[in-house]
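Q: Read off the chains here:
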Amino acid sequence: MSEVVVEPLVTAKARRRLRLTRLVPYVLLQVLIVIACILMLRLMPPDDPDDYAVSEFSLRENGATQAVTLPHYTSSRYSLQDPPLYSGPFTFRANGAQTAWSVFLPRFSNAVEVAVNGVVILDSRRDDTANRPDRNTPQIAVITSSLLHDGSNQLTVRLFVWGPLKGFLDTVYVGPDDALRPTYETRTLLFVTLPVVFSAWQSLLAVILAIMWLMRRREPVYGVLALGMLIGALQAFVPPPVPPAPYPQLAAILLASAPIESALVVVFATLFFGWRWPRYGMLLFVPGLSILLVGLIASQPLPRIVFLFLGVPTVGLCLMLLAIIVTNAVIKRQDAASFTFGCAVTIVLTCWFHDMLSVFDIVPDDRTFVTRLSYSAMLVAIGAGLTWRFARALNQVDSFAGQLIARVREAEERLKASFAREEERARAEALANERTRLMRDLHDGLGGQLVSIVALSERGTDGAPIADAARAALKDLRLVIDSMDDIGGDLMLALGSWRERAAAQLRPHDIALDWHVATPQGLPLHPELRPWHVIQIVRILDEAVTNAVKHAKARKITVTIETLGGAPQDRRGVIRIADDGQGFALPDAGAANGEATGASQTARGLRNMKSRACRCGAALEIDSSPSGTSVRLQLPQRFPDSDTAAG
Amino acid sequence: MTEQDGAPAAITILLVEDDAPTCWRLQDALVKAGYEVRTAGTLGQARQAMAARAPAVLLTDLRLPDGHGIELIRETRQRFPDTEIMVISALGDEESVISAITVGATGYLLKDAFPTDIATTVRELVAGHSPISASIARFIVRRTQTTAAPPPGPLLNTARLTPREIDILWGIAKGFSYAEIASHLGLSRQTVPGHIKNIYRKLEVHTRSEAVFEAVQQGLIKL
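As given, the protein sequences belong to chains F and X, one line each in that order. Counting along the first sequence from 1, when you hit position 404 you're at 404 in this note's numbering, and nothing is skipped either side. Counting along the second sequence from 1, when you hit position 43 you're at 690 in this note's numbering, and nothing is skipped either side.
Bound conformation, chain F alone (with noise of 0.2 angstroms):
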């Protein structure tokens, strides 16, 4: 009893090792890969041209003016009627050369006006992509040379901010614009282009994932993926719409995306790593409906501030909930899926977290949000791990159809060997059926001929019973030799050699053959005729020449053939043959009369023709009166397959 349940604890206790000594690489890995990004992230932000810092500024806001040093947080959460206005100078110094300057700025939040010595070059909210905060988009403007002037000038940034983030302006560059433009078009490809390549990703990923759903419905998991890329996708290329925008309630849906689309994602990772979607699991869409129903129905600033509070938190539950997930599935399953997805979750995580602190300003940055950017991690690792997957399966498949052809193969030779051996048993049979039959039908007349003639030899006679007896006896051989032909089922063909040794018979008796064909194609053909058929026919009509010769002192024989009935189908052929002798006794009448020896043995005659008859399924009529005997066979419509009849 004891033993039955230590068993379990030991193999409970491997298995805890196991996973343990899987669990350790791989938690040691991820906090590799954590410091390797947080590395990253510092050495990240492209650096700026300090020689043409301009970060001297004053602030004019909600009335209070002071002076201040970029890059800097306003306490602003929402404001467009009045933003926070900083002005600064800066020196221009021609010296001849004819370069353009352009003023740079590579982060702010949310929305800038610069101004030149009061004229204004450039409005940021024009530009989509630049009012997105999590973009982390630069903005350049060539100044025209004609509002510059030698020594100091004049630069003004108006800040828009509409939260729930504070507003906040990174340091600002003011130089030639050659010296700039490299820094600027840096930041562009990390921060504006790579995330439209990574966008284009994951819509491709979305159809994919859609036509691999609706090719395969019954696994949901491809059509939630489809559906959080999807998701994706469109948040990535619809344009925000700018506060005071026409339509704010695109900017709730907007907004409502990157929870809803983390949720999916979670659902995914549960359903391809084989858990089972739990029942509570449905409140991890909470959030991002709340966030969708606040934008529909009220006005901002709220919806940016339910965001803030339940959005951003939801991406870093699932996020967290992911990483549970994969890690799990990395110890049980050690596959490259679960191994790379596990990986991206942490780099992502990572990166949330950076953004996390920034946000609450716990460390000083310059707001430079990376979560959307290390989403494409995600991404690749997903579509990795799908292709993968994929690829397995194929493997799969390939081998699984190698085996069936196998197995397939083997069945066929294993069905050839048993077709091979049932025709052999099949051939044996009718080799032994027909051995049978020849047996039966020498015994009947050759056998007992041979036999006949040992007994004359034996008592010396000599002369004709003996030469009867042989003559009968090759006439037997022939005509068993015969049967064995095949006439097509045409018993004209038998019948045609009968008549030639039944002419042969009655010559010496001086009995006149008389042959008549009634109709002209004399018979009907019968498909199904077999040897043993055309055997007992040929004996009976023998039979009746015979009783003719011996018993009846017939000058006469006639036989007709001819085909009764019309139709084809009710066609039965008829053989009658008739002799001018003086009859017999019929069977019954011939033992009322207690007659001789000869009476007996037509008596056996006339039975053994009956039961040869009946065999065949023919009918037999015989008529015997002084004046002559006549034997009409019927043959059936269609003879018996069998030879069961007679046994």
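Just so you know, these hints were derived from the structure itself, not from any lab. You may find that some hints are simply not true.
[What the hints assert, rightly or not] Sample of chain X residues facing chain F (criterion: CB under 8 angstroms; computed from the structure):
| # | residue |
| --- | --- |
| 1 | Pro778 |
| 2 | Ala781 |
| 3 | Arg785 |
| 4 | Ile819 |
| 5 | Pro840 |
[Stated by the list, open to error] Computed cross-link-like contacts, BS3-like style, restricted to lysine-lysine with a CA-CA straight-line distance of at most 30 angstroms:
| # | chain 1 | residue 1 | chain 2 | residue 2 |
| --- | --- | --- | --- | --- |
| 6 | F | Lys332 | F | Lys475 |
| 7 | X | Lys679 | F | Lys553 |
| 8 | F | Lys475 | F | Lys416 |
| 9 | F | Lys416 | F | Lys13 |
| 10 | X | Lys844 | F | Lys332 |
| 11 | F | Lys610 | F | Lys553 |
| 12 | X | Lys758 | X | Lys849 |
| 13 | F | Lys475 | X | Lys758 |
| 14 | X | Lys758 | F | Lys553 |
| 15 | X | Lys849 | F | Lys556 |
| 16 | F | Lys550 | F | Lys610 |
| 17 | F | Lys610 | F | Lys556 |
| 18 | X | Lys758 | X | Lys844 |
| 19 | F | Lys553 | F | Lys475 |
| 20 | F | Lys550 | X | Lys758 |
| 21 | X | Lys679 | F | Lys556 |
| 22 | X | Lys849 | X | Lys679 |
| 23 | X | Lys844 | F | Lys475 |
| 24 | F | Lys475 | F | Lys556 |
| 25 | X | Lys679 | F | Lys550 |
| 26 | X | Lys758 | X | Lys679 |
For clarity, every value in this text was computed on a predicted model and none was experimentally measured. Note that CB positions come from ideal geometry on N, CA and C, so glycine has one too.
Starting from the known structure of chain F, arrange chain X on it as the hints suggest.
A: Here is chain X on its own, set in the frame of chain F:
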């Protein structure tokens, strides 16, 4: 034709049969019918007998102690085209009979036939009739019909047979009398035996040309 006068210028028959009782029996039947019969028990004896004088009729068994009757038939047909050749057979098996016909035989005789039938058959043969049985007729017709894969056995030049000849063969195979065949086909009764003679000749012609071809091939004849 001259024999009809009953003159003793008897028809000579060479009987080749190795089984003595059978030979006696046939000889008795033929001698009784007025033929002059010489006998031979082997192929060699038969050749010897033929060397001196060609018989009017050659009656030969097929299985002989020193060879096959077919060779004798072929030689005889080539050397003495006027000699009538007949095969003696125990069972009348079609294969052997047809083989004999294709090398020049024009009839066959069953060993157990009644003496009168033996005499009659030979007489008919000499008179120009070629006896044919239902089973032989059937065998020939079968060969005309199986063109796809030639069955084993002797090659027959059956392609030369006319449809009318084939009809006649079918009639014989099915046991119709010459009269019935003639009336079915709209012929006079006397023409049917002539057709049968033709059939024999056509089957034989085939092998004659083949024999010439073979002789040329073997360098026996130069053309």
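Q: Which numbered hints are broken by the structure, listed smallest first?
A: Those not satisfied are hints 1, 5, 6, 8, 9, 10, 15 and 22.
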